[in-house]
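Colleague: Top line first, the protein sequences correspond to chains W and H.
Residues in the first sequence are numbered from 0 upward in steps of one, following numbering that gives the first Met the number 0.
Residues in the second sequence are numbered from 0 upward in steps of one, following numbering that gives the first Met the number 0.
Keep in mind that the hints were calculated from the coordinates and are not lab data.
From a predicted model like this one, the values you see are computed outputs, not experimental measurements.
A few of these clues could be false.
Stated by the list, open to error - Listed below are the simulated DSSO-like cross-link pairs for lysine-lysine, each with C-alpha atoms no more than 30 Å apart in a straight line:
id	chain 1	residue 1	chain 2	residue 2
1	H	LYS31	W	LYS90
2	H	LYS31	H	LYS44
3	W	LYS4	W	LYS35
4	W	LYS22	W	LYS4
5	W	LYS4	W	LYS43
6	W	LYS90	H	LYS23
7	H	LYS23	H	LYS181
8	W	LYS90	H	LYS92
9	W	LYS90	W	LYS60
10	W	LYS60	W	LYS22
11	W	LYS43	W	LYS22
12	W	LYS22	W	LYS90
13	W	LYS43	W	LYS60
14	H	LYS23	W	LYS43
15	H	LYS23	W	LYS35
16	H	LYS40	W	LYS35
17	H	LYS92	H	LYS181
18	H	LYS92	H	LYS40
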Amino acid sequence: MALAKPYADIPGTTIFDADQSRKGYHLNQFCMSLMKAANRERFKANERAYLDEWPMTEEQKQAVLARDLNRCIALGGNIYFLAKIGATDGKSFQQMAGSMTGMSEDGYRDMMIAGGRSIEGNRYIGEKK
Amino acid sequence: MARVTASVYTSHVPAIGAALDLGKTGEPYWQKVFSGYGFSKQWMKEHAPDVIFLVYNDHANAFSLELIPTFAIGTAAEFSPADEGWGPRPVPKVIGHPELASHIAQSVIQDDFDLTIVNRMDVDHGLTVPLSLMCGQPQAWPCRVIPFAVNVVQYPVPSGQRCFRLGQAIRRAIESYDEPLKVQVWGTGGMSHQLQGPRAGLINREFDNAFLDRLIADPQGLSMMPHVDYVREAGSEGIELVMWLIARGAMADVAGGPAPRVAHRFYHVPASNTAVGHLILENPESQ
């Protein structure tokens with residue numbers, strides 16, 4: 000029996016379940032290595048060489064190099080692990096989250112100040128807004 | 000005997016810690032957040048516990064994907080603030096209570112909850128931000144703290160019902176400890192927020208306020224809510240709210256005692272990506 004995924008019909012949302020975790024194991028463990036200041040320095044000095052030390056897929060490495068967080072998540076990344084890349088780049092959680100929405104940094108910040116993204120129309124894939 | 004005097008519930012947004020640590024509390028954006036905790040800091044002084052049993056989740060800091068404990072109790076003498084990638088927060092070390100923590104572990108495990116016992120663990124913003132919100136910026140935290148980490152990062156995460164029952168077992172454990180300690184149980188995380196994907200920034204005020212209402216008046220019913228409702232209605236990271244049910248399960252009314260007194264309630268949007276919710280519930284007979 001496959002994993003039950005009652006959350007699969009929620010729009011714009013990837014749940015970090017065992018399937019995603021298996022796919023993203025090395026990607027997330029690479030992120031975890033950035034908690035050490037020395038590793039952050041080595042990564043910044045030569046990102047590609049540092050990534051090549053990890054048994055990640057080429058697609059995962061490209062997504063990291065491009066800082067494409069949506070792609071990283073599709074490939075098994077989890078936001079709390081990916082946040083270590085953001086910390087290395089000096090980005091806040093708000094900048095990271097905003098970067099996945101297609102909005103500008105200011106646009107996202109203003110949306111949050113105005114009360115955030117509405118739940119209306121955002122519960123089910125294909126739901127009419 | 001030890002007793003549970005109160006429970007405290009609060010969001011643990013990392014940006015709140017950063018705002019405090021970087022001296023931004025006077026900015027209008029942050030003033031609105033901190034205004035909800037002025038009462039709480041005074042209340043903490045007037046109702047100082049001996050120990051806080053602090054339920055939170057680790058955010059890929061103490062635990063990577065190598066080891067994913069569903070429930071982990073910190074039994075060490077002390078815990079250091081974690082370096083989450085931005086450097087450790089400049090806050091005091093957390094002083095544990097190994098004797099009480101070990102007693103709770105023994106009691107709760109024999110009550111059929113399989114806790115992981117942790118003797119070495121750094122504590123991240125999930126634990127230190129609530130302490131900062133409730134205690135301000137002291138040189139040392141005002142009491143001992145037992146960290147209790149819940150996995151809400153990788154599915155499967157524990158159900159609301161499991162958390163609520165665990166809180167009841169924790170209450171039994173605390174109340175069977177010989178020393179006359181005053182213990183508060185804190186539940187942290189939430190409220191609605193989503194940090195990932197095109198739906199990031201989701202906030203659901205109606206859900207959050209209904210959650211607060213039901214947490215006060217109908218925790219048993221609330222504990223039956225399935226995970227998918229949290230995720231759909233309160234965002235992928237809104238699932239953290241199951242942790243509040245652990246603290247609520249430790250209150251006297253759940254064990255047949257009197258209803259809790261609502262000492263304080265606060266709700267504000269936003270802090271960074273997140274809706275901030277906060278409650279203080281007192282056990283009237285245990286003050």
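Colleague: Hinted pair, alpha-carbon criterion (30 Å max): LYS90 (chain W), LYS23 (chain H). Please report holds or violated.
Modeller: Holds. LYS90 (chain W) to LYS23 (chain H) sits at ~17 Å (cutoff 30 Å).
Colleague: Given the hinted pair LYS90 (chain W) and LYS92 (chain H), is their Cα-Cα distance within 30 Å?
Modeller: 26 Å, holds
Colleague: Quickly compare the C-alpha distance for LYS22 (chain W) and LYS90 (chain W) to 30 Å and report which way the hint goes.
Modeller: Given that 30 Å is the threshold and the Cα spacing comes to 25 Å, the pair holds.
Colleague: Within a Cα-Cα threshold of 30 Å, do LYS23 (chain H) and LYS35 (chain W) meet the stated pairing?
Modeller: 27 Å, holds
Colleague: Can you confirm whether the C-alpha distance between LYS60 (chain W) and LYS22 (chain W) stays at or below 30 Å?
Modeller: 13 Å, holds
Colleague: Has the given pair, LYS43 (chain W) with LYS22 (chain W), been kept, meaning a C-alpha gap of at most 30 Å?
Modeller: Holds - the C-alpha atoms of LYS22 (chain W) and LYS43 (chain W) are around 25 Å apart, at most 30 Å.
Colleague: Taking 30 Å as the top limit, are the C-alpha atoms of LYS92 (chain H) and LYS40 (chain H) close enough?
Modeller: 19 Å, holds
Colleague: Has the given pair, LYS31 (chain H) with LYS90 (chain W), been kept, meaning a C-alpha gap of at most 30 Å?
Modeller: 23 Å, holds
Colleague: Below or equal to 30 Å on CA atoms is what counts here, so check LYS31 (chain H) against LYS44 (chain H).
Modeller: Within the cut-off at roughly 22 Å; holds.
Colleague: For a C-alpha distance cap of 30 Å, please report whether LYS23 (chain H) and LYS43 (chain W) respect it.
Modeller: The hint holds at about 29 Å.
Colleague: Check whether the Cα positions of LYS4 (chain W) and LYS43 (chain W) lie no farther apart than 30 Å.
Modeller: Roughly 38 Å between the alpha carbons, so the hint for LYS4 (chain W) and LYS43 (chain W) is violated.
Colleague: CA of LYS4 (chain W) to CA of LYS35 (chain W), is that 30 Å or under?
Modeller: 35 Å, violated
Checked against the numbered hints above, the structure breaks hints 3, 5, 7 and 16 and satisfies the rest.
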